[in-house]
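Student: Sequence:
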Amino acid sequence: MRPLKIGISGVRGIVGETLTPELIVAFAQAFGTYLDSGRVLVCRDTRPSGPMVRAAVVSGLLAAGCDVVDLGVCPTPSLQLAVAWLGAQGGISITGGHNPAAWNALKFVRGDGLYLNTTQAEELLDIVHQGEFEKATWDRIRTTVADEDALAHHLDVLARAFDGDAIRARGLRVAVDCCNGSSALLAPRWLASLGCTVLAINDDPTAPFPHRPEPKPETMAQLKAVVRAGGADLGFAHDADGERLGLVTAEGVALSEERTLTLAAAIVLAQTPGVVVTNISTTKAVDDVAKRLGGTVVRTPVGQSYVSEAMLEHNAVIGGEGNGGVAVPRVLCSHDAASAQGLILEHLARTGASLQALVDALPVYHMVKHDFAVKPSALYSVLQGFRDEVERESLTADVADGILVSWPDGWAHVRASQTESMIRVIAEADSAARARDLVDWARDRLKG
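Read in this note's numbering, the sequence shown has 181 at position 200, and its numbers run on one by one without any break.
Hints are computed from structural coordinates only; laboratory data are not their basis. One or more hints might be untrue.
[To be verified] Listed next, with one range per pair, are the computed distances between beta-carbon atoms:
no.	residue 1	residue 2	range
1	Gly211	Asp130	39 to 49 Å
2	Ser335	Lys272	16 to 26 Å
3	Gly211	Ala251	43 to 53 Å
4	Lys272	Glu113	48 to 58 Å
5	Ala206	Asp341	15 to 25 Å
Idealized CB from N, CA, C, for every residue including glycine.
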């Protein structure tokens, strides 16, 4: 299997196998063409392939006549916030996100700092497939690449968005696992600026990832130990590029990544009832919280671009997905772990509550997630076979994104991953046993 994923979320693959310099240059030159050779920002995370991919991206952009600004290693949200600040037409974040270190990817950002939507991504792919790129002549190619500090700007935006005085007055002790990713350059600084005593681990951006860069309970063993040993009030876990956030309570309990958005929604809706936007695979605890606090929930297909577009359309007060991604509109209508940290710390400071007490007040459901590896060429035939099985059993399904089947006591969602060559199976129910049964039910009907 030679994994390469091209779609609305950008292009990603394993470096040295499918994500080649030739492919990277082509996508970068196509993006420069799409932006009419304007100013384009570039950043990367800390994985070893970053410098190579950055060189190929810059080469493609320069070839298209673009004015390139290099932000160096910084979180993707830092780049997104810098687009308007630096008067750019867009940006490319070089990051494999939650994928293992062998992977890398290009994420394409438009002029308002959000990811390309479906239509825009299809337009970019059309340019790639046609191969008709803007080609700057020798006398029009930019001879320099500017450098800018997007981290300082990000910190300035965050400082204006949250009540730093209240947080500083609380004097919280916070542990943070930066996974040696780009958040190592932002998160400790952000927390220290809020007067927190910071217990940082895996905060060396030159070191390898200590574990898979995905903030889930199974990757938070180190963070749990630091929280307990250091007497921290809570712990934060990051992915590789500063989008997703995991949580650990003062008692050393690692929370499901589904809890991050649910908690954020409860915090915001208690102050400002309104619309919450999330995807169809996220826990229905979000719906329960919204109903209790006078809010409404809008569901989208899986993917940040869908969530961001719906947040703009519905003037949402909060958005995100069940992977630990939270979008706080006062900062950015896209996932930003630093914004989620600010939101949580501000609430803890104003209420005097503990993270565990806040979580104890949330609805409880049980979710099981399973990844089903499938050859790229067979992905959609396997999904169609599953859909046929569901229809044969006369079950009603939502097919807006994959196949979602619901029962009175739970649901199961089967869909193709946007980031890896696999089918994702997610089930949620009132009990853990029922959730496992629903995953088994789905796996039994997946053939491939």
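Student: State for each hint whether it applies.
Tutor: Hints versus structure:
| no. | hint | verdict |
| --- | --- | --- |
| 1 | Gly211 / Asp130: 39 to 49 Å | 30 Å, violated |
| 2 | Ser335 / Lys272: 16 to 26 Å | 25 Å, holds |
| 3 | Gly211 / Ala251: 43 to 53 Å | 30 Å, violated |
| 4 | Lys272 / Glu113: 48 to 58 Å | 51 Å, holds |
| 5 | Ala206 / Asp341: 15 to 25 Å | 23 Å, holds |
The structure shown violates the earlier hints numbered 1, 3.
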